[in-house]
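Chains as they are written, first to last, in numbering that gives the first Met the number 0: chain H, 0 to 287; chain X, 0 to 216.
Worth flagging that the hints you see were computed from the coordinates, not collected in a lab. Misleading hints may appear alongside valid ones.
To be verified - Residues from chain X that face chain H, not an exhaustive set, calculated with beta carbons under 7 Å:
| # | residue |
| --- | --- |
| 1 | R70 |
| 2 | P73 |
| 3 | L80 |
| 4 | Q83 |
| 5 | G100 |
| 6 | G128 |
| 7 | I164 |
| 8 | G182 |
| 9 | N186 |
Glycine included, every Cβ here is placed at the ideal spot set by N, Cα and C.
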Amino acid sequence: MKRFHLTTRRSAAVFALAMALTLAGVGDSAPTPPAERTLMLATTTSVDATGLLDVLADAFKADTGITLKWIAVGTGAALKQARDGNADVVIVHARKLEEQFLRDGFGVNRRVIARNYFMIVGPPEDPAHVGDSRSAADALGRIRSSGTAFVSRGDSSGTHTRELDLWALAGGKPESAYLETGQGMAETLRVAAERRAYTLTDTATFYGLRGLAGLKPVYENAPEFENIYAVIAVDPARILTARYGEAMTFIAFLTSPRGQKLIGEFQGKAGRPLFEPLAAVAGVDLLK
Amino acid sequence: MIARELAFAVWVSLKTSGLAALIASAAAVPVALFLSGRDFRGKKIVLLVNQTWMAAPTVVIGLLFYSLLSRTGPLGGLGLLYTQTAMTVGQIFLILPLIVGFSYTALRQVDRRARLTALTLGASRRQAGWIVLREARFPLLVAVLAGFARAISEVGVAMMLGGNIRGATRNITTSIALETAKGEFRNGVVLGILLLVVTLGINILVQTGLRGRDGES
Numbered sequence: 000m001k002r003f004h005l006t007t008r009r010s011a012a013v014f015a016l017a018m019a020l021t022l023a024g025v026g027d028s029a030p031t032p033p034a035e036r037t038l039m040l041a042t043t044t045s046v047d048a049t050g051l052l053d054v055l056a057d058a059f060k061a062d063t064g065i066t067l068k069w070i071a072v073g074t075g076a077a078l079k080q081a082r083d084g085n086a087d088v089v090i091v092h093a094r095k096l097e098e099q100f101l102r103d104g105f106g107v108n109r110r111v112i113a114r115n116y117f118m119i120v121g122p123p124e125d126p127a128h129v130g131d132s133r134s135a136a137d138a139l140g141r142i143r144s145s146g147t148a149f150v151s152r153g154d155s156s157g158t159h160t161r162e163l164d165l166w167a168l169a170g171g172k173p174e175s176a177y178l179e180t181g182q183g184m185a186e187t188l189r190v191a192a193e194r195r196a197y198t199l200t201d202t203a204t205f206y207g208l209r210g211l212a213g214l215k216p217v218y219e220n221a222p223e224f225e226n227i228y229a230v231i232a233v234d235p236a237r238i239l240t241a242r243y244g245e246a247m248t249f250i251a252f253l254t255s256p257r258g259q260k261l262i263g264e265f266q267g268k269a270g271r272p273l274f275e276p277l278a279a280v281a282g283v284d285l286l287k
Numbered sequence: 000m001i002a003r004e005l006a007f008a009v010w011v012s013l014k015t016s017g018l019a020a021l022i023a024s025a026a027a028v029p030v031a032l033f034l035s036g037r038d039f040r041g042k043k044i045v046l047l048v049n050q051t052w053m054a055a056p057t058v059v060i061g062l063l064f065y066s067l068l069s070r071t072g073p074l075g076g077l078g079l080l081y082t083q084t085a086m087t088v089g090q091i092f093l094i095l096p097l098i099v100g101f102s103y104t105a106l107r108q109v110d111r112r113a114r115l116t117a118l119t120l121g122a123s124r125r126q127a128g129w130i131v132l133r134e135a136r137f138p139l140l141v142a143v144l145a146g147f148a149r150a151i152s153e154v155g156v157a158m159m160l161g162g163n164i165r166g167a168t169r170n171i172t173t174s175i176a177l178e179t180a181k182g183e184f185r186n187g188v189v190l191g192i193l194l195l196v197v198t199l200g201i202n203i204l205v206q207t208g209l210r211g212r213d214g215e216s
């Protein structure tokens with residue numbers, strides 16, 4: 000009995016030791032002072048999936064010492080996170096949802112930071128002849144009547160919100176061959192590529208990703224396709240735990256010449272600029 | 000993906016899931032010992048509930064704790080959502096029934112005479128319990144390791160309660176999800192292999208710790 004006793008203890012000790020060693024080992028190499036200033040951002044997926052936020056977070060940390068943490072979830076979910084008090088600042092791109100957020104008193108100091116464009120991508124042979132469209136509504140109408148599948152985000156994101164607006168202009172969504180992924184832009188693009196379907200995407204995510212050879216842009220540069228990104232601080236009067244000082248520092252950073260330059264020069268894996276800086280354009284906050 | 004981030008993801012996985020396995024075992028094994036040692040009314044129901052809970056999807060556990068830990072939720076004041084602690088808590092409740100179930104089976108397999116003999120020879124209830132635990136140490140260890148494996152391999156709880164935050168809560172499985180979305184399949188495969196290697200290492204360490212002592216004495 001004595002022997003078994005020792006043995007059991009020993010193996011339990013080994014397991015605990017293994018865990019403790021890992022804890023200690025990494026703890027030493029990455030010390031985190033408890034007084035570290037952090038900022039929680041809830042964001043649309045495109046700025047994350049392209050790698051832009053990695054660049055901005057590093058520069059922000061270097062300039063201000065504030066660690067930026069973020070969850071990439073889509074505009075609708077990002078605003079919900081902020082309403083629930085789980086974020087200090089949001090980066091979003093759906094004007095209607097943003098206005099509601101501001102009107103409900105959750106957000107303050109909205110600033111436009113960047114722009115890119117939406118476009119419709121689909122199978123390279125373009126079975127619905129979307130390329131010949133005269134307008135965005137016409138393009139979606141062609142997809143609907145051709146019966147080719149369309150993949151929707153289906154997640155109340157900025158892109159999904161815009162897609163629904165465009166379907167409304169086109170006279171309604173397709174009754175069949177309409178697939179909702181409920182996932183981020185990157186996942187949705189992969190579904191479209193695999194299913195040989197059309198989808199609406201922002202240019203940054205599409206060009207910022209690899210392995211999307213099964214898709215090509217079939218309709219772009221429509222006036223309805225402008226895509227404006229804005230940053231909004233969570234109102235500390237409404238969400239008492241919101242770190243407002245850090246949020247405003249971040250907004251100042253994004254709209255500063257340095258922040259705008261980083262956004263404008265960011266190329267990710269695409270080898271081309273993905274976002275057009277917009278904060279320095281006079282009066283743009285009033286117009287957009 | 001750079002090596003430092005990779006190492007950090009491995010570390011987050013090990014830490015959160017390792018702690019979850021240890022804490023869940025500390026709670027589950029005594030419960031299993033209690034259940035295996037006596038019969039009482041309603042025991043079947045307890046076992047049935049436990050068995051059902053084993054099938055709880057990771058996202059359901061994630062959703063439950065999300066609602067509790069969100070700032071507007073009842074435990075929101077703790078500020079735990081999107082931390083490693085939240086991941087560990089979620090994983091504890093994910094693997095608890097698994098370890099209870101496996102441990103219960105392990106302890107039931109122990110010859111009842113071992114316990115009875117000990118009691119006859121004057122051992123206290125507590126001492127008799129220890130004897131049963133010792134007899135079942137191998138299958139009990141399997142129960143703990145199975146719990147650890149379930150925790151380190153799941154993605155639902157880690158994603159919903161951790162948020163896949165770079166440098167904070169991004170672990171191996173949420174990294175794989177992200178790398179796949181980005182089309183960096185090679186990174187995803189490397190991470191998957193890494194996860195299995197890490198788990199293999201833990202298993203070898205624990206098992207040799209056990210067997211080695213047995214061989215010596």
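So, going through the hints one by one against the coordinates:
no. : hint : in the structure
1   : R70  : 3 Å, holds
2   : P73  : 13 Å, violated
3   : L80  : 6 Å, holds
4   : Q83  : 11 Å, violated
5   : G100 : 20 Å, violated
6   : G128 : 13 Å, violated
7   : I164 : 5 Å, holds
8   : G182 : 4 Å, holds
9   : N186 : 11 Å, violated
Of the hints listed earlier, those the structure fails to meet are numbers 2, 4, 5, 6, 9, in rising order.
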